[in-house]
Amino acid sequence: MNVAHLQYLAPEISLLCFALLIVLVDLFVKQKRALPVLAVIGAIVSAAFILMIWATPPVGLFDRMIAVDPFGLFFKLLILAATVLVTLASHNYVLKFDKFQGEYYALLMLSAIGLMLLVCAINFITIYVALELSSISLYALVSFLKDKKSSEAGLKYLILGAVASAILLYGMAFVFGLTGNTCVTCITDYMKYMPYDSLLEVPALLLGLVLIISGFGFKIASVPFQMWVPDVYEGAPTTITAYLSVASKAAGFAVIARVLMVAFGMPVWLHNDWSMIIAVLAAVTMTVGNLVAIVQTNIKRLLGYSSIAQAGYLMVGLAAMGLTMGTKENVTGGLVFFLLSYMLTNLGAFIAIIAISNKINSDEIEDYNGMIKRSPVLALALTICLVSLAGLPPTAGLIAKIYIFSGAVDMGLVWLVVIAVINSVISAFYYFKVVKAMWLVSPATEEKVGASWPEWLALTACVVFVVVMGVVPGLFMNLTTAAVRIFGI
Amino acid sequence: MNLNLLSWIIFLPVIGLVVIALLPKPGQKTVRWIALMAALASFIVSLAVFFMFDKSLPGQMQFVEKVSWIPAINSFYSLGVDGLSLPLVMLMTFLGVVSVLISWKIDLRPKEYFIWLLMLESSILGVFMSLDLVLFFLFWEVELIPMFFLITIWGSGRKEYAAYKYLIYTLTGSAFMLAGILCTYFITNTMDITALAGMQFGTTFIPLQFLFFLLMIGFCIKLPVFPFHTWLPDAHTNAPTAASVILAGALLKMGGYGMIRVCVSMLPQVAVQYAPIMCVLAVIGIIYGAGVTMRQTDLKRLIAYSSVSHMGYVLLGIFALNQVALSGAALQMFSHGLITGLLFAMVGTVYDRTHTREINTLRGLARQLPVITVVFSVAGLASLGLPGTVGFVAEFIVFNGTFTSLVPFAQVYALIGVLGIVLTSGYILWMLQRVFYEYPLERYDHLKDADLVEKIAIFSFVAVIMLFGICPAIITDIINTGIMPIAKLIGL
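Line by line, the protein sequences give chains V and R.
So the first sequence is numbered by the working numbering: it starts at 1 and just counts up by one.
So the second sequence is numbered by the working numbering: it starts at 1 and just counts up by one.
Hints were generated in silico from the structure; no laboratory data involved.
Check each hint, because a few of them may be wrong.
What the hints assert, rightly or not - Think about it this way: if two alpha-carbon atoms lie no more than 30 Å apart in a straight line, the pair counts; the simulated DSS-like pairs of lysine-lysine are: (1) K111/R to K373/V; (2) K436/V to K111/R; (3) K359/V to K25/R; (4) K433/V to K96/V; (5) K25/R to K448/V; (6) K433/V to K25/R; (7) K359/V to K111/R; (8) K436/V to K25/R; (9) K29/R to K373/V; (10) K29/R to K436/V; (11) K105/R to K373/V; (12) K436/V to K105/R.
Stated by the list, open to error - Restraint-style ranges between C-beta atoms, simulated for each label pair: (13) Q411/R to N478/V: 53 to 61 Å; (14) N189/R to N272/V: 19 to 27 Å; (15) T445/V to M52/R: 52 to 60 Å; (16) M52/R to V441/V: 43 to 51 Å; (17) M276/V to D107/R: 57 to 65 Å; (18) L95/V to D107/R: 39 to 47 Å; (19) P58/V to L208/R: 37 to 45 Å; (20) M276/V to N189/R: 23 to 31 Å; (21) P58/V to F210/R: 38 to 46 Å; (22) G291/R to T445/V: 44 to 52 Å.
To be verified - Pulled a few chain R residues facing chain V out of the computed Cβ check, cut under 8 Å: (23) P71; (24) A175; (25) A179.
No residue lacks a Cβ here, since even glycine has one placed at the ideal position from N, Cα and C.
Generate coordinates for the entire structure from the input sequences, incorporating the hints supplied.
Here it is in structure tokens:
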């Protein structure tokens, strides 16, 4: 082990220090408002470390346990951005817990560390450890409200999460049994020379691959592993729901893309086969998510199902990415661009919801009636985010959809794109249901709804980026294509 | 020297709406004046473009602007006008000004109202000027949002139902269109509409017929083509007057424009192959639309169904696929925009006074509202194609072109289609008689005739309708320069 390589882990280590510092400060300081400040500073320091190692050529650390490459670093920045935004949005929300504010922020940061390690892990063992680190922190965070719903959500998440981890491990064990390796780059060295024509001829590999996809499927909430989503999203503190729906999902996609692309990228039949599995799952996922979302009356559940549907669109990108195997940058870039756009949009929507629900203490869509009169700016921001989720201009959502679908068409997945565009139409229906409630129905009370300045700050950042990405997407596309260049052949 | 005139046309309304949005608590008067200024500025710039347009360059895009926009999919911010799009741009900027004028008395949330109205205007302008498929699609989709709000907030009757229906219909169409655009891109590797016109396609991964209909569905819904028309009566009937004017006047034309610009220009062979089917649909639309119009008792719904019938002429003209018929279709779009725009504006003025649109409860308004009656009659007569109005010229050219078309059985379609004109005379005259003539009703004695702002709006409509009716060459010359190269591509 090369100790000097620890410098590449500076982002995680510094974040860990700040997490511990928060717990310590919490013990001795009465003024809890200092805690989120520390959390934000920690994230910024960590981001600064990432930028310092941004330009280093890709290396594998500690005997190929962890990789330092633009793909991982990009996702680390994404996770840190989500953490900062969620921290800002928690500013008022944490007043709901009478104690444990310090633990709340510390756990949030620990789960961020887990996710950051997850996106750069290149060994099944590190992947598993990182996954558990983030998951265990999140189990605690989900049940943080300690009321009936929150506890139920926490327990559900814990049990289903544990099952998913077990499935993932089981799948990894099969692959290990077959190849004798746990490091993803070593696995591909073995796979490359397999003398078969189809996945069906190698039952152990088929089983391993399916189990691994299932385990990660839980993390990204793809059908049929989405059962936990609505209840957990509804019961969890809204800030944590926001975090789950973006950071956790983004990291899930990063790791699934890396494992599938690197470990199972060769030979040709192998990546064609798993791409088809993903493509079929994508079609089912978005259809189920969109159809069930239509009948929801609770906005957190609605966004829960919407995030399932969005995972479906993302899987379209993943399938296309698998088929091209990095030979076409515009195809591989789509997934990451969509993730970036989805993260900003969904966070924006959740922050607006957090600010509104702090005031009205309800997540029912009918209580959003006439929100445009009670708080024009919050309602407008939420509208822009919902419009972006529906994939309408002039927002990031449309460009992201065009980008990710264009990759799929390029790879010949026209059938999947047709299903996806029909799904976008369905989704517009329920997004506009919320918009309609806010703009058209007259409010039950005229009482004004406001937000604290950290919430405004976070919300403004999200909305501005959503619109800017929708109008001048070129800049962001350069960034995302740079991030996926490591998969190039 | 490049003044970026086209960008100004699109973005002057945007500037107006940003100014309105930024004013903290503007009064109704301020807002409508700013909106009028923005719309007027855009109109004046478009007039400048109209006069500077060089008619001696057939088939060439003019005032072109091109900036790289999304390099990853080879997409440009690229604008330009030719003889096909320029009349429609003029139409839209004109309707933009008029629609602000006829919204002069809006007092429900005026700030938002004018923001949406200006946004609607610039998005439609963008559709007519885009030379890049992605940009085209972007503007195409932007238009939905303001329209949705205009119908749901300021509409009447079953407004939410109508707005949703409009949203879902249009989104379905544009969803397929997006798939079509992406397929086009990967077959040809370009998003440039001008480069795609007449491009030779080699072997493709999907049949060209499939591609043609993917693109076509969105345009068919928008135009609308029978049997995709059912959103239109609902949306029209329940939308506020200005939105109806823009909807009928310019928005429907996006469908016809898209068919000519994208489908027919890019895949002329497929268009020839399927022309008989489209012509049959057109004829069904003409006759069925006119028949249903006869039975309407709601004034606005009546005009809305007449649009279905009149858009049938456009479709027939397009798929007769020769120079004359295509020019006729383009002119019919222009003329229908003016005439139906005026008709909707007139229905609005009547409704403002009587608070009803039921034909059966209206009688003999001619005595009480002489000016409105005269203008309504002019609009009605123009709609049925009376010589001296632009409606006559357009319909004449469409049927003339269709009759000489080489599409199988074109003469039959033309002959049946002409019956539509007879039916139009029937429902228009019958409606005029019931609403304005016969004995006057006492309860309408106190009504006031059109005020100054309304007069400005409706007289300018009449002036333009007559101008192009008497001297159509001003506009047909321009249209011909745009249609000629497209007709050449078809080669029929």
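Hint check:
Restraint check for K111/R and K373/V: the C-alpha separation of about 13 Å stays at or below 30 Å, so the hint holds. Of the pairs offered as hints, the one joining K436/V and K111/R holds, with about 18 Å between alpha carbons and a cut-off of 30 Å not exceeded. Among the hinted pairs, K359/V with K25/R is consistent with the structure: their alpha-carbon atoms are about 25 Å apart, no more than 30 Å. For the hint pairing K433/V with K96/V, the CA-to-CA distance comes to about 29 Å; that is within 30 Å, so the pair holds.
For a cut-off of 30 Å, the pair hint linking K25/R to K448/V stands: about 17 Å separates their Cα positions. A hinted pair counts as satisfied when its Cα atoms are at most 30 Å apart, and K433/V with K25/R qualifies at roughly 28 Å. Note on K359/V and K111/R: the hinted pairing holds, with a Cα-Cα distance of about 27 Å set against a maximum of 30 Å. As the CA atoms of K436/V and K25/R are separated by approximately 23 Å, the hinted pair is consistent with the 30 Å bound.
Note on K29/R and K373/V: the hinted pairing holds, with a Cα-Cα distance of about 21 Å set against a maximum of 30 Å. The hinted pair formed by K29/R and K436/V meets the criterion: a straight-line CA distance of about 27 Å does not exceed 30 Å. With a CA separation close to 22 Å, the supplied pair K105/R and K373/V stays within the 30 Å bound. Using a Cα cut-off of 30 Å, the hinted pair K436/V and K105/R holds, with the two alpha carbons roughly 25 Å apart.
Checked against the given bound of 53 to 61 Å, the beta carbons of Q411/R and N478/V, roughly 57 Å apart, stay inside it. At about 24 Å, the CB distance of N189/R to N272/V agrees with the hint of 19 to 27 Å. Remark: the range hint 52 to 60 Å for T445/V to M52/R is upheld by a beta-carbon distance near 56 Å. At roughly 49 Å, the beta carbons of M52/R and V441/V sit within the given window of 43 to 51 Å.
Between M276/V and D107/R the CB atoms are about 59 Å apart, so this pair conforms to the stated range of 57 to 65 Å. Checked against the hint of 39 to 47 Å, the pair L95/V and D107/R passes, with Cβ atoms roughly 42 Å apart. Our hint of 37 to 45 Å for P58/V and L208/R holds, since their Cβ atoms are close to 44 Å apart. Between M276/V and N189/R the C-beta distance comes to about 26 Å, which sits within the given range of 23 to 31 Å.
P58/V and F210/R have their C-beta atoms about 43 Å apart, which keeps the hinted 38 to 46 Å range intact. Between G291/R and T445/V the C-beta distance comes to about 51 Å, which sits within the given range of 44 to 52 Å. A cut of 8 Å between beta carbons decides the hint on P71/R: the least distance to chain V is about 5 Å, and the hint holds. Interface hint status for A175/R: upheld, as the beta-carbon distance to the closest one in chain V is roughly 4 Å, under 8 Å.
Below 8 Å, beta-carbon pairs count as interface contacts, and A179/R has one with chain V at about 5 Å; its hint therefore holds.
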